[in-house]
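Colleague: Given chain A, work out where chain B should sit, using these hints.
Chains as they are written, first to last, in the numbering used here: chain A, 1 to 155; chain B, 1 to 526.
By construction, these hints were calculated from the structure, which means they are not laboratory data. Here a beta-carbon is modelled for each residue, glycine too, at the ideal position from N, C-alpha and C. Just to be clear, a hint being listed does not mean it is correct.
Which stretches of chain B does chain A cover? Using the computed rule of at least three CB atoms under 8 Å from a CB of chain A, they are [stated by the list, open to error]:
(1) 155-169
(2) 221-235
(3) 342-351
(4) 473-486
(5) 494-504
For reference, the chains in residue letters:
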Amino acid sequence: MNPPKKVLLASHGTDGAQAAERLAISLCATDGKINHLLVVPDLWKGMMGDDWLNNGITRDRYARYLESELGREVDEHSRRVQDMAASNNLGYSLQLVLGKPDKCLVDACCNANYDLVVMGSPRPKGVSGLRSRMTLEPLVRGLAIPLLIAPHPNG
Amino acid sequence: MVYTQKSSALFIIGLAMLAIWYTADAGLLSGYIEHLGGEKYKYLPELITIPIYFGILSVVIGAWQWFGSHKEGHWDYYSSTVAGAMFILFIAMLVRWFVAPEVAVISTGMGEVGDTGKHLHKLLGLNYVVLGILAGIIVVNFFKVPEWAANGVRLSRLGLKTGVILLGTLYSAAELKNLGGLSIVMIGFFVLGSVGMVLWLGSRMKIPNSMGGVLSAGMGVCGVSATVASAPVVQAKSVEIAYTIGTILLWGVGCMFVFPIIGNLLGMSYVQFGAWAGTGILNSAQVAGAALAYQPDGIETLKVAEIFNITRVLVLPIIVLWLAVWYVRREENVTHQVNVGTVIFEKFPVFVIGFILMFALSTTGIFAPPNHYKGKFFGNTAETGFKDEKLLKGDQIATLQSESGSVQRADRKEALQRLIDNGKVMTIEDDDTLRGLANAKVMSKDANKILKGAHKAVRHTAKKVKAFRKWITWLFAFGLVGLGMQITVSSMRQAGGQPAVIGGIVGFIKAALSLVVVMMLISETI
Numbered sequence: 001m002n003p004p005k006k007v008l009l010a011s012h013g014t015d016g017a018q019a020a021e022r023l024a025i026s027l028c029a030t031d032g033k034i035n036h037l038l039v040v041p042d043l044w045k046g047m048m049g050d051d052w053l054n055n056g057i058t059r060d061r062y063a064r065y066l067e068s069e070l071g072r073e074v075d076e077h078s079r080r081v082q083d084m085a086a087s088n089n090l091g092y093s094l095q096l097v098l099g100k101p102d103k104c105l106v107d108a109c110c111n112a113n114y115d116l117v118v119m120g121s122p123r124p125k126g127v128s129g130l131r132s133r134m135t136l137e138p139l140v141r142g143l144a145i146p147l148l149i150a151p152h153p154n155g
Numbered sequence: 001m002v003y004t005q006k007s008s009a010l011f012i013i014g015l016a017m018l019a020i021w022y023t024a025d026a027g028l029l030s031g032y033i034e035h036l037g038g039e040k041y042k043y044l045p046e047l048i049t050i051p052i053y054f055g056i057l058s059v060v061i062g063a064w065q066w067f068g069s070h071k072e073g074h075w076d077y078y079s080s081t082v083a084g085a086m087f088i089l090f091i092a093m094l095v096r097w098f099v100a101p102e103v104a105v106i107s108t109g110m111g112e113v114g115d116t117g118k119h120l121h122k123l124l125g126l127n128y129v130v131l132g133i134l135a136g137i138i139v140v141n142f143f144k145v146p147e148w149a150a151n152g153v154r155l156s157r158l159g160l161k162t163g164v165i166l167l168g169t170l171y172s173a174a175e176l177k178n179l180g181g182l183s184i185v186m187i188g189f190f191v192l193g194s195v196g197m198v199l200w201l202g203s204r205m206k207i208p209n210s211m212g213g214v215l216s217a218g219m220g221v222c223g224v225s226a227t228v229a230s231a232p233v234v235q236a237k238s239v240e241i242a243y244t245i246g247t248i249l250l251w252g253v254g255c256m257f258v259f260p261i262i263g264n265l266l267g268m269s270y271v272q273f274g275a276w277a278g279t280g281i282l283n284s285a286q287v288a289g290a291a292l293a294y295q296p297d298g299i300e301t302l303k304v305a306e307i308f309n310i311t312r313v314l315v316l317p318i319i320v321l322w323l324a325v326w327y328v329r330r331e332e333n334v335t336h337q338v339n340v341g342t343v344i345f346e347k348f349p350v351f352v353i354g355f356i357l358m359f360a361l362s363t364t365g366i367f368a369p370p371n372h373y374k375g376k377f378f379g380n381t382a383e384t385g386f387k388d389e390k391l392l393k394g395d396q397i398a399t400l401q402s403e404s405g406s407v408q409r410a411d412r413k414e415a416l417q418r419l420i421d422n423g424k425v426m427t428i429e430d431d432d433t434l435r436g437l438a439n440a441k442v443m444s445k446d447a448n449k450i451l452k453g454a455h456k457a458v459r460h461t462a463k464k465v466k467a468f469r470k471w472i473t474w475l476f477a478f479g480l481v482g483l484g485m486q487i488t489v490s491s492m493r494q495a496g497g498q499p500a501v502i503g504g505i506v507g508f509i510k511a512a513l514s515l516v517v518v519m520m521l522i523s524e525t526i
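Bound conformation, chain A alone (with noise of 0.2 Å):
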C-alpha cells in the first residue's frame, strides 16, 4: 500500500488524541497534506445551564470569555498540529466545526476525498478530561475510506 496523500486527522489536543497526530504525521507521504479536522462538542452550547439570575451583561460577558477560551485551545492545538506538518513538509489546512464529533468525522469525509482517517483511542478509565468521544459504530458504518485508531499513550 502506498503512504497516503491525504489525510484527514481527527484531533482535539488530548493525550490521545496527540497520539493520533504524531501517527498521522508520520504516515503521511512526503508531499501529502494533513487536514486536520477539530470538532467543538455542541456540548458547549448547553453550558449557560439553566442561568436565570444574570442579566444580559454578565451573560454576555460570560458568553465571549468561553468563546475565547474555547477558541484560544483551538489555536494552541491547530499551531502544534501544523508545526509539527511543516517540520516533515506536509500540507496542512484546519477544519473547524461545531457539534457530535463521529458525525463532523462522517460528514467531513463525505465532502472531501481523503485516503485515510486518523483518529486517537479514549483515555483510559479513571483519568479526567470532558465527556465527548466519537461513537464507533456510526462511524465505522457511515464511512467509506480506511479508518486508522492511533494506541493510548497511557493505555
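Modeller: Same frame as chain A, now just chain B:
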C-alpha cells in the same frame, strides 16, 4: 438576518389550544374529566378560559408568520420569540391539566406507599411543576428544541423574573421583615461557609485557583448563575467550567426530586421547607422548582424560598468581588486591577428592584387595602361577610375533638378549643395559630382539611391579590418548563473529577446542616 421563520408550527399550536378550549367548553371532555377526578378536578375553569385567549393569539400571529413576508428589524426579532413562548406554554398547559392529574390517578390506583400514608406522586412531588421541568428536559435531550422555538425558549428567564417581581405584591411588611432577617442570617452563614469550605478543600486537594474560584461561587451562592458570573473573573479554563456546571446541574436536579420527598417524610411546614430549599439547594432555578413541587397549589413555600433566592442573588456581586480580589492576590501573572464599581454594577440583579417596587406599591393599597394583611379581610360575623352555613358541622367538630389530644403546644391547644367551641375561628391570632397547626401536619389529613376550611371561611383574599397568585403560578410554570429545555444531559455528564468530589462533600454538608438548623430554629409560620 431575518429571525421569524415561515413555519406552520405556531398556527398548529394555536389550533390545538382552541381544540382544548372547545372540547372542554362543549362538554366533550366530561368523560375524561370524570376519570381525572370529576368534582375534585379543579382545572375546568382554566380549561374554558385560558386556551381561547392564547389560542386566538397563536392562530393570528401563526398565520401571519406562516403566510406573511418578514423583514429584518426589531419587530422581526420580537415576533420570532412568540412561537417558542407558545410552545412552552402549550407544554405547561398539557402537563398541568392532563399529565399531572393522570399521574395522580395512576399513583392513587397503586395505593399508599408502605406506612407513609402517602401516594407515590405526593411522596415524590410529581406535580405539574416537576413534570413540566421533566418535560422540558425530555424535549431538549430526546427531540431537540425546534429551530422555530429556539428564540422563544429564552423568554423563560423573563417569565421567572416577572414571577419574582409580581411575588413582591404578596408579602406583608412583617413577613418581609421576618423572612428577610432569617434569610440574611441563614444565607450569610451557609454561603460564606460553603465558599470558604470549597476554597479550603481545593487548596488541600491542590486544584488550580481558577477551578477553586469558579466552583466555590457555584457551590456557595446560586449554582449555575454564580458560575456564569464568576468564571471570567477568576479566568476559569473551559474544562473547569464544564466540570462545575455539570456537577451543579446534576446535584441541583437531584435535589429538586429528593428535597420534597424528605420534606414530606419529615412533615416539614411550608416555611421550614422553603427556608431549607432556599439554603440547601445549590441552583436557584431548582429552588423554585422544589418549592412549587412541595406546595403546587399554594405559594407560601415559594414566597419563603424566593426571599432566600433574592438574598442569594444580592450576595452574588459581593462574592464575585471577593473571588476577584482573592484570585488576583494568588496569581502572580495576573496584572489587571479589580474595579469594584464595575463588578457591583454589572452583577447587580435589576429585577430585585422590580420586586421591591411591587412590594412598596402593594403597601400603598393599590392592589389590596393597606391593612389587608393586618386582618381587614378577616371576618367572622355576618356583617363582615361570614355565612352561617360555613360554621363547622357536627362531624367536623367531632373529628377535631378526637384529635385534639395530639396537639402539644398550649397556644395551639387553646386556639383549637375555641374553634371547637364556636364552630369558627374567633380572632386573627387564632387564625395564624391554626394555620401553623395545619402546616405542621400534627393532625390527620382530614383534620387539617377542616382547619383549612375554617381558615377560608373567615379569611378573604382581595380579587387583585388572587389574580396575582394565578399569574405568578403560571409565570413560574412557564419559566420552569423553559428552563428545563436548557438542561442538557451532555452538560450534566461533564460532572466529574475533583470538582465532583468537592462539590459532593460541600453540597451534602450544606443540605444536611441547613436541614438541622431549619428543623431546630424555624417555627411553622412567619
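Colleague: For each hint, tell me whether it holds in the structure or not.
Modeller: Tested hints:
Counting residues of the segment 155-169 of chain B whose C-beta lies closer than 8 Å to any C-beta of chain A gives 4; at least three are required, and the coverage claim holds. Only residues whose C-beta sits within less than 8 Å of a C-beta in chain A count toward coverage, and the segment 221-235 of chain B has 9 of them, enough to reach three; the restraint holds. For a cut-off of 8 Å, the count of residues in the segment 342-351 of chain B with a CB near a CB of chain A stands at 5, and the three-residue condition holds. Counting residues of the segment 473-486 of chain B whose beta carbon lies closer than 8 Å to any beta carbon of chain A gives 4, which meets the minimum of three for the stated coverage.
Counting residues of the segment 494-504 of chain B whose beta-carbon sits less than 8 Å from any beta-carbon of chain A gives 4, enough to reach three: the coverage restraint holds.
Hint compliance for this structure: every hint is met.
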